[in-house]
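**Student:** Residue-level listing of the chains:
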Amino acid sequence: MKRYSVFAIAREAMSYHLGWERAWAAPQPKKEYDAIIIGAGGHGLATAYYLGKNHGIRNVAIIEKGWLGGGNTGRNTTIIRSNYLQDPSAAIYDKALKLYEDLSQDLNYNVMFSPRGLLMLAQTHHEVRGYLRTVHANTLQGVATEWISPARVKELVPIINIDGPRYPILGALYQARGGTARHDAVAWGYARACSAMGMDIIQQCEVTGVRSENGVVKGVETTKGYIGTKKLGIVVAGHSGQVADMAGFRLPIEAVALQALVSEPIKPCMDVVVMANTVHGYMSQSDKGEMVIGGGTDGFNNFTQRGSFHHIEETLRALVETFPMISRLKMLRQWGGIVDMTGDRSPIISKTPLGNCFINCGWGTGGFKAIPGSGWAMADLMARGEPGPLAADFNMWRFREGQFIDESVAAGVAH
Amino acid sequence: MLILECPYCGVKAEETELSPGYEAHLKRFGPGSSDDEFNDYMFARKNPKGVHFERWRHAYGCGKWFLAARCTATLEVFGTYPAQSSEPPADLVAKIKAKRPDWSGYK
Ligand SMILES: Cc1cc2nc3c(=O)[nH]c(=O)nc-3n(C[C@H](O)[C@H](O)[C@H](O)COP(=O)(O)OP(=O)(O)OC[C@H]3O[C@@H](n4cnc5c(N)ncnc54)[C@H](O)[C@@H]3O)c2cc1C
Ligand SMILES: [Zn+2]
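One line per chain: the protein sequences are A and B, in this order.
Just so we're aligned, residue 0 is where the first sequence starts under numbering that gives the first Met the number 0, counting upward by one.
Just so we're aligned, residue 0 is where the second sequence starts under numbering that gives the first Met the number 0, counting upward by one.
Accuracy of the hints is not assured; some may be wrong.
Stated by the list, open to error - DSS-like cross-link-like pairs, simulated, lysine-lysine; straight-line CA separation at most 30 angstroms:
| id | chain 1 | residue 1 | chain 2 | residue 2 |
| --- | --- | --- | --- | --- |
| 1 | B | K48 | A | K64 |
| 2 | A | K217 | B | K45 |
| 3 | A | K97 | A | K350 |
| 4 | A | K153 | A | K97 |
| 5 | A | K229 | B | K45 |
| 6 | B | K96 | B | K11 |
| 7 | B | K48 | A | K223 |
| 8 | A | K350 | B | K45 |
| 9 | A | K229 | A | K94 |
| 10 | B | K11 | B | K63 |
| 11 | A | K223 | A | K266 |
| 12 | A | K64 | A | K229 |
| 13 | A | K64 | A | K30 |
| 14 | A | K30 | A | K223 |
| 15 | B | K45 | B | K98 |
| 16 | B | K45 | A | K223 |
| 17 | A | K287 | B | K94 |
| 18 | B | K94 | B | K106 |
| 19 | A | K217 | A | K97 |
| 20 | B | K63 | B | K106 |
| 21 | B | K48 | B | K11 |
| 22 | A | K64 | B | K11 |
| 23 | B | K11 | A | K350 |
| 24 | A | K64 | B | K63 |
| 25 | B | K48 | A | K229 |
| 26 | B | K98 | B | K26 |
| 27 | B | K26 | B | K106 |
| 28 | A | K52 | A | K30 |
| 29 | B | K98 | A | K217 |
| 30 | A | K217 | B | K94 |
| 31 | A | K350 | B | K106 |
| 32 | A | K64 | A | K217 |
| 33 | B | K26 | B | K11 |
| 34 | B | K106 | B | K11 |
| 35 | A | K64 | B | K26 |
| 36 | A | K329 | A | K64 |
| 37 | A | K350 | B | K48 |
Said to hold, decoys possible - Rough simulated footprint, nothing fancy, chain B against chain A, three-plus residues with beta-carbon under 8 angstroms:
| id | segment |
| --- | --- |
| 38 | 236–247 |
| 39 | 251–262 |
| 40 | 296–302 |
These aren't lab readings, by the way, just hints derived from the structure by calculation.
Where is the CB? At the ideal position from N, CA and C, for every residue including glycine.
The following block holds chain A by itself, in its conformation from the complex (with noise of 0.2 angstroms):
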């Protein structure tokens, strides 16, 4: 693999950019690999690279029955924060924030991490409540958070509207590491990375059945015939129902569309990112210059990749009082992602009834931000067949042990 560098980029003009090389290979299906990850999204690819660079395993195979990058990760509204209530929580996305701040770097890929700080808006006394808690939790977790009033709020986010009446603004958690990312290149870095170190990204490729002996995974059924492996990881969010189906277990999950949308592109107009729970609103401001806006999640079992219009209705008239000078924007595009809720909206990072066969999942409405840590843990777990202490806690079991780790708080939403 060439490097990119400013380098390259002179020396490619020399030649038209006719030098480029493509940034990963599409090979066919080996017959046999050390281990096999479904699922080419973030955290899937993000497994196979901390598997590789790791742990030294790189007979692996990722295999995608779309494209890659094609299915969450691709459509999320590319919130990153790392405060969160609970210790294992802040744990893995601490760990997620701190790894996205050099990913550039490390995988020589611009993810274009933007650490631009990130506003809780809270608009009820029952959420400055739950945000004074966070922020002590955060305090003994050393993740740093702050409590800013609403006067600051608005020094902050000059287009806001502090006073109501419908949300006024009450304060905010603020964090003032968090930010966006390209969520596109997130996974193109590591798909670039994976590729390098001879690991086989095959997409186009649906896995259609789990093969096992004695307990123990063997392999997968595939549209592209039968693929070996020693360890099976299952990374597919939205279809971790249905894959866990073939490897013979249930799981704590439903699925449910969650929706997003943009904005025609306008100046500069807001430099942070602004998330209003209470009304299941999430704006930030892309570098094309669209507002990026994210709704909330529709109540019921859905695979369409569609939500339902109310919520678009519902997420900018609450925008719209929040933020007056959005009444008039067009909005440009408006899709959905399929996400995979627990009934704590914590994810699963864990062994699985099936021998050698791990599943990560679970991430729902909030795991773009996770993607470096997840695949940080998941890798760990797969290359040692146990959990390190990034995973234990998120153990597929602990709905049975009564062991949550709620974070469901206020809205229900954990962006």
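Chain B with the ligands: place on chain A using the hints.
**Tutor:** Just chain B with the ligands, lined up with the frame of chain A:
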């Protein structure tokens, strides 16, 4: 837009008039059951990509709970029936089977 007919008042209600209640026909397990049974009842879900039996409440109408059969992959609604049914009515199951020959049936 999802539209379900309330089997009690006959209103064709659009989803903003309804509250979703997720998987129907869960068999309840309580004291005296095994840990596995209780865990499955509390947490494990079928979550199928296809035919799904689920609970809905006509929240901004008659207020009653009812059940619906719906396809989660296409949003097609096969039918609705009263909440007092311990399993889906036979004619509804037959109708779904006719439309979805590959469907493994109600279990
Ligand atoms: C609208 C929206 C907004 C969001 N906003 C945010 C946000 O602001 N911040 C944040 O942190 N998170 C956000 N999220 C959540 C985030 O997008 C996800 O948690 C994260 O991207 C999940 O990544 P993944 O790699 O697990 O899944 P995916 O990217 O969905 O990848 C899973 C892959 O598995 C493949 N697959 C499935 N079944 C099979 C099979 N049988 N065989 C082969 N391949 C298969 C799929 O095609 C898919 O590519 C949002 C999600 C949505 C939908
Ligand atoms: Zn009714």
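**Student:** Each hint: holds or not?
**Tutor:** Do the hints match the structure? See the list:
| no. | hint | verdict |
| --- | --- | --- |
| 1 | B/K48 x A/K64 | 16 angstroms, holds |
| 2 | A/K217 x B/K45 | 25 angstroms, holds |
| 3 | A/K97 x A/K350 | 26 angstroms, holds |
| 4 | A/K153 x A/K97 | 28 angstroms, holds |
| 5 | A/K229 x B/K45 | 28 angstroms, holds |
| 6 | B/K96 x B/K11 | 24 angstroms, holds |
| 7 | B/K48 x A/K223 | 22 angstroms, holds |
| 8 | A/K350 x B/K45 | 20 angstroms, holds |
| 9 | A/K229 x A/K94 | 28 angstroms, holds |
| 10 | B/K11 x B/K63 | 14 angstroms, holds |
| 11 | A/K223 x A/K266 | 47 angstroms, violated |
| 12 | A/K64 x A/K229 | 21 angstroms, holds |
| 13 | A/K64 x A/K30 | 18 angstroms, holds |
| 14 | A/K30 x A/K223 | 11 angstroms, holds |
| 15 | B/K45 x B/K98 | 21 angstroms, holds |
| 16 | B/K45 x A/K223 | 27 angstroms, holds |
| 17 | A/K287 x B/K94 | 50 angstroms, violated |
| 18 | B/K94 x B/K106 | 16 angstroms, holds |
| 19 | A/K217 x A/K97 | 36 angstroms, violated |
| 20 | B/K63 x B/K106 | 25 angstroms, holds |
| 21 | B/K48 x B/K11 | 25 angstroms, holds |
| 22 | A/K64 x B/K11 | 38 angstroms, violated |
| 23 | B/K11 x A/K350 | 45 angstroms, violated |
| 24 | A/K64 x B/K63 | 41 angstroms, violated |
| 25 | B/K48 x A/K229 | 28 angstroms, holds |
| 26 | B/K98 x B/K26 | 27 angstroms, holds |
| 27 | B/K26 x B/K106 | 12 angstroms, holds |
| 28 | A/K52 x A/K30 | 23 angstroms, holds |
| 29 | B/K98 x A/K217 | 36 angstroms, violated |
| 30 | A/K217 x B/K94 | 39 angstroms, violated |
| 31 | A/K350 x B/K106 | 27 angstroms, holds |
| 32 | A/K64 x A/K217 | 20 angstroms, holds |
| 33 | B/K26 x B/K11 | 29 angstroms, holds |
| 34 | B/K106 x B/K11 | 28 angstroms, holds |
| 35 | A/K64 x B/K26 | 35 angstroms, violated |
| 36 | A/K329 x A/K64 | 34 angstroms, violated |
| 37 | A/K350 x B/K48 | 24 angstroms, holds |
| 38 | 236–247 | holds (count 3) |
| 39 | 251–262 | holds (count 4) |
| 40 | 296–302 | holds (count 6) |
Going down the numbered hints, you'll see the structure goes against 11, 17, 19, 22, 23, 24, 29, 30, 35 and 36, while the others check out.
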